[in-house]
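Protein chains in written order, with this note's numbering: chain A, 4 to 393; chain B, 4 to 393.
Accuracy of the hints is not assured; some may be wrong.
As the list claims (entries may be wrong) - The list that follows gives simulated cross-link-like pairs (lysine-lysine, BS3-like), each with its CA atoms no further than 30 angstroms apart:
1) Lys-159/A to Lys-176/B
2) Lys-58/A to Lys-239/B
3) Lys-238/B to Lys-211/A
4) Lys-55/A to Lys-81/B
5) Lys-176/A to Lys-176/B
6) Lys-55/A to Lys-55/B
7) Lys-344/A to Lys-132/A
8) Lys-132/A to Lys-176/B
To be verified - Partner residues aside, some chain B positions facing chain A, computed with beta carbon under 8 angstroms:
9) Asp-53
10) Asn-139
11) Ala-147
12) Glu-171
13) Lys-239
14) Pro-240
To be verified - Simulated restraints, written as ranges between beta carbons of each label pair:
15) Val-353/A to Gln-243/B: 54 to 62 angstroms
16) Lys-329/A to Gly-129/B: 50 to 58 angstroms
17) Val-141/A to Ser-155/B: 17 to 25 angstroms
18) Gly-104/A to Ala-92/B: 29 to 37 angstroms
19) Ser-155/B to Val-353/A: 57 to 65 angstroms
20) Thr-77/A to Lys-211/B: 55 to 63 angstroms
Keep in mind the hints are simulated off the structure, nothing from the lab.
Quick reminder that beta carbons are idealized off the backbone N, C-alpha and C, glycines included.
Protein chains: 2
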Amino acid sequence: MKKHLLLSLLSLIMLSALSFSQQALFGGANIISPEVNPDNSVTFRFQAPDAKEVKLTGDWMPAQGRTPGSELMTNDDKGLWSFTTAPLASDLYSYSFTVDGIRNTDPNNVYMIRDVATVTNVLIVGGGKGDLYQVNDVPHGTVARRWYDSPSLGMKRRITIYTPAGYESSKQKYPVLYLLHGMGGDEEAWINLGRTSQILDNLIAQGKAKPMIVVMPNGNVVQEAAPGESSLGLKKPTMQLPNTMDGKYEETFMDIINFVESNYNVIKEKPGRAIAGLSMGGYHSLHISRFYPNMFDYVGLFSAAIIADEKVKSKVYENMDETLLKQKNNGFKLYWIGIGKTDFLYKNNVEYRSKLDEMKFPYVYRETEGGHTWTNWRTYLSELAPQLFR
Amino acid sequence: MKKHLLLSLLSLIMLSALSFSQQALFGGANIISPEVNPDNSVTFRFQAPDAKEVKLTGDWMPAQGRTPGSELMTNDDKGLWSFTTAPLASDLYSYSFTVDGIRNTDPNNVYMIRDVATVTNVLIVGGGKGDLYQVNDVPHGTVARRWYDSPSLGMKRRITIYTPAGYESSKQKYPVLYLLHGMGGDEEAWINLGRTSQILDNLIAQGKAKPMIVVMPNGNVVQEAAPGESSLGLKKPTMQLPNTMDGKYEETFMDIINFVESNYNVIKEKPGRAIAGLSMGGYHSLHISRFYPNMFDYVGLFSAAIIADEKVKSKVYENMDETLLKQKNNGFKLYWIGIGKTDFLYKNNVEYRSKLDEMKFPYVYRETEGGHTWTNWRTYLSELAPQLFR
Numbered sequence: 004m005k006k007h008l009l010l011s012l013l014s015l016i017m018l019s020a021l022s023f024s025q026q027a028l029f030g031g032a033n034i035i036s037p038e039v040n041p042d043n044s045v046t047f048r049f050q051a052p053d054a055k056e057v058k059l060t061g062d063w064m065p066a067q068g069r070t071p072g073s074e075l076m077t078n079d080d081k082g083l084w085s086f087t088t089a090p091l092a093s094d095l096y097s098y099s100f101t102v103d104g105i106r107n108t109d110p111n112n113v114y115m116i117r118d119v120a121t122v123t124n125v126l127i128v129g130g131g132k133g134d135l136y137q138v139n140d141v142p143h144g145t146v147a148r149r150w151y152d153s154p155s156l157g158m159k160r161r162i163t164i165y166t167p168a169g170y171e172s173s174k175q176k177y178p179v180l181y182l183l184h185g186m187g188g189d190e191e192a193w194i195n196l197g198r199t200s201q202i203l204d205n206l207i208a209q210g211k212a213k214p215m216i217v218v219m220p221n222g223n224v225v226q227e228a229a230p231g232e233s234s235l236g237l238k239k240p241t242m243q244l245p246n247t248m249d250g251k252y253e254e255t256f257m258d259i260i261n262f263v264e265s266n267y268n269v270i271k272e273k274p275g276r277a278i279a280g281l282s283m284g285g286y287h288s289l290h291i292s293r294f295y296p297n298m299f300d301y302v303g304l305f306s307a308a309i310i311a312d313e314k315v316k317s318k319v320y321e322n323m324d325e326t327l328l329k330q331k332n333n334g335f336k337l338y339w340i341g342i343g344k345t346d347f348l349y350k351n352n353v354e355y356r357s358k359l360d361e362m363k364f365p366y367v368y369r370e371t372e373g374g375h376t377w378t379n380w381r382t383y384l385s386e387l388a389p390q391l392f393r
Numbered sequence: 004m005k006k007h008l009l010l011s012l013l014s015l016i017m018l019s020a021l022s023f024s025q026q027a028l029f030g031g032a033n034i035i036s037p038e039v040n041p042d043n044s045v046t047f048r049f050q051a052p053d054a055k056e057v058k059l060t061g062d063w064m065p066a067q068g069r070t071p072g073s074e075l076m077t078n079d080d081k082g083l084w085s086f087t088t089a090p091l092a093s094d095l096y097s098y099s100f101t102v103d104g105i106r107n108t109d110p111n112n113v114y115m116i117r118d119v120a121t122v123t124n125v126l127i128v129g130g131g132k133g134d135l136y137q138v139n140d141v142p143h144g145t146v147a148r149r150w151y152d153s154p155s156l157g158m159k160r161r162i163t164i165y166t167p168a169g170y171e172s173s174k175q176k177y178p179v180l181y182l183l184h185g186m187g188g189d190e191e192a193w194i195n196l197g198r199t200s201q202i203l204d205n206l207i208a209q210g211k212a213k214p215m216i217v218v219m220p221n222g223n224v225v226q227e228a229a230p231g232e233s234s235l236g237l238k239k240p241t242m243q244l245p246n247t248m249d250g251k252y253e254e255t256f257m258d259i260i261n262f263v264e265s266n267y268n269v270i271k272e273k274p275g276r277a278i279a280g281l282s283m284g285g286y287h288s289l290h291i292s293r294f295y296p297n298m299f300d301y302v303g304l305f306s307a308a309i310i311a312d313e314k315v316k317s318k319v320y321e322n323m324d325e326t327l328l329k330q331k332n333n334g335f336k337l338y339w340i341g342i343g344k345t346d347f348l349y350k351n352n353v354e355y356r357s358k359l360d361e362m363k364f365p366y367v368y369r370e371t372e373g374g375h376t377w378t379n380w381r382t383y384l385s386e387l388a389p390q391l392f393r
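The shape of chain A in the complex, shown without the other chains (with noise of 0.2 angstroms):
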């Protein structure tokens, strides 16, 4: 067999490597982009030799009315355009550039997310509650991507579960939380926007949280799984599903708890379970924990869409009143309320947590800055996570 230096074999793959690769192995090769500095500004690349202007979008910019904020980036003599922004806050970010016009994502960027219909670049600024979404150099769990049944919803489907560092080969029992996602989500939300692994790796290694399963399913009663992975093949998402929040989710909740208590070692009462969602999956973990008013001991709303339609029969929304009371009088260790004060849910918000005080019903409540978005989430799930099972 003939001898060739591995520089050679490297050399005929990278040039062989067709199509594709190019542009990102060669032409884009030497731009860093996002580069974060040291003061945790963030500077931007981009080359565009031709375009008449570039502009760079980011979820850290006031919005404008309802017009995402912008900043025009600026060219050198090579097309190479940039742009620096002052020092952020430390979190996970999105942004894309728009080149004349056009939407671009960020060529020398590979990590992305999809939310909902839409896929943008991400970047992490550490040194505060970033550090939490980043992966760290410290025992990590297992994520798993499975598929339940369902007899209630006549389906097979999949669910994404977070097993913490050294589940495998304990013999303890585990607590279980259960987040749900909002609207226009699935089984992926939590686990991709919402750094899930991340945060609960980082908060139990810490030994601020308890080592748990983190269950979360798909809360689209018509989906068997998220876009792309079910039979429907590589369909475009859509926010607009039916029979999302008719009740159907809450009363077929036992499917998923069945699934997880028979197949995970887990503790399987009242102290060991928690559930708490965002939006629409605050709106579920309110309805499942009340009719189920004994089922958990801790209760999660994040920025809930505690919003209820009347021309929506079913018997998971009647005698409300009756069932938080019994749920109150079962007694439970923690419900939380969390949402941004430019929430466009915060009045729902307040009028249920006035519903809760004539009641004398127990609540933590917090609230943040900023309305109804994932940073409020993450946010939420890195407090919440620490206050449970204790």
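Chain A is already provided as a structure; the job is to place chain B on it using the hints.
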């Protein structure tokens, strides 16, 4: 509590979903791209009223030397650019747009896969081998991302493991295919671009492959995990990692086998072990299977990078003929070699086969059209898996 209609909630959520979501939910809402037509031609669409030229590049197009093939798209009077291909053979394809010289992803297609340092949109054309790459209405296995301990490398490392449908509730012991990626790849390569879970789900459901566990480790010994999944953070991926073909991976491979055999319900003998890999992973498979010459009953070399670097000194690469002879004399069920006619490694494989022929080392040879491509590697996995563990 005030009553609203679900529709108003939906509008509120959609209107308040700032910035990134807007384009996909509104601007691009009516555009379907790509659209696979009944005759398996595919129509691509891209909205760019001010663009002067929009090109489509796809991996089904013949390359022009080192330049990827492309087609000019045509625009209508509303700035919607489109192009319809001839009917395409059933497969999974990658593509991108080039708008006035700038590469862009398709904002109407959320399905993207990273290959080394580039993210491209993908689509599947059914009606043939592409059907194996679809999620179909069949029982689905579990895909877990875990971390295992590699004492020989002194680090915890990430690994992707497919367990077939029914594994969790079965008492039977399963055979294991160790499936290795190429240079620049990692533990995400086979499960994403390789469509391993779809191929196995489908072949097993059709009764064409035996239920098996597929273990997809990271073959870069200096890496704990794929880009973005280690404490290196969201760094730019690189193809040029050190120590990829210097014997260290082969030498420490027992860490992976030990992890799998002590954590999964598997057959811990030669008839229950297969190893296969693409390009660099083919080289690894060749050497691991002869360095441990009585470990595997099944070996698959896919476009194997059979290139020795004489400057590399490793006990793994010593006594090549002797250990191959030992492997031959120990006996095995299948030694499978697959390569494309235009692969730049074709000649190296001819030379390696001559060597095997001289030794009367039995193997099965499969030659396909095309070169060093994922379309070939998916084909090879689809063809090899049914022959394993018989």
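These are the hints, each one checked on the structure:
1. Restraint check for Lys-159/A and Lys-176/B: satisfied, since their Cα atoms lie roughly 24 angstroms apart, inside the 30 angstroms limit.
2. This hinted pair checks out: Lys-58/A and Lys-239/B have alpha carbons roughly 22 angstroms apart, not beyond 30 angstroms.
3. Among the hinted pairs, Lys-238/B with Lys-211/A is consistent with the structure: their alpha-carbon atoms are about 28 angstroms apart, no more than 30 angstroms.
4. A hinted pair counts as satisfied when its Cα atoms are at most 30 angstroms apart, and Lys-55/A with Lys-81/B qualifies at roughly 21 angstroms.
5. Of the pairs offered as hints, the one joining Lys-176/A and Lys-176/B holds, with about 25 angstroms between alpha carbons and a cut-off of 30 angstroms not exceeded.
6. Distance hint between Lys-55/A and Lys-55/B is fulfilled; the C-alpha atoms sit about 13 angstroms from each other, no more than 30 angstroms.
7. With a CA separation close to 19 angstroms, the supplied pair Lys-344/A and Lys-132/A stays within the 30 angstroms bound.
8. At roughly 44 angstroms between alpha-carbon atoms, Lys-132/A and Lys-176/B are farther apart than 30 angstroms, so this suggested pair is violated.
9. Checking Asp-53/B against chain A: minimum C-beta separation of about 5 angstroms stays under 8 angstroms; hint holds.
10. With 8 angstroms as the threshold, the beta carbon of Asn-139/B comes within range of chain A, its nearest partner Cβ sitting at about 5 angstroms, so the hint holds.
11. Because the closest C-beta pair between Ala-147/B and chain A is about 4 angstroms apart, less than 8 angstroms, the hint holds.
12. Because the smallest distance between the Cβ of Glu-171/B and any Cβ of chain A comes to about 6 angstroms, under 8 angstroms, the interface hint for this residue holds.
13. About 7 angstroms separates the beta-carbon of Lys-239/B from the nearest beta-carbon of chain A, less than 8 angstroms, and the hint is met.
14. A hinted interface residue such as Pro-240/B counts as satisfied when its beta carbon comes closer than 8 angstroms to some beta carbon of chain A; here the least separation is about 6 angstroms, so the hint holds.
15. Separated by about 57 angstroms at the C-beta atoms, Val-353/A and Gln-243/B satisfy the suggested range of 54 to 62 angstroms.
16. Between Lys-329/A and Gly-129/B the beta carbons are some 51 angstroms apart, a value that agrees with the proposed interval 50 to 58 angstroms.
17. Between Val-141/A and Ser-155/B the beta carbon distance is about 22 angstroms. The supplied range of 17 to 25 angstroms therefore holds.
18. Roughly 36 angstroms separates the CB atoms of Gly-104/A and Ala-92/B, a value that falls within the hinted 29 to 37 angstroms.
19. For Ser-155/B and Val-353/A, the Cβ-Cβ distance of about 59 angstroms falls inside the hinted range of 57 to 65 angstroms, so the restraint holds.
20. Range check, Thr-77/A to Lys-211/B: about 58 angstroms between beta-carbon atoms, so the 55 to 63 angstroms window is met.
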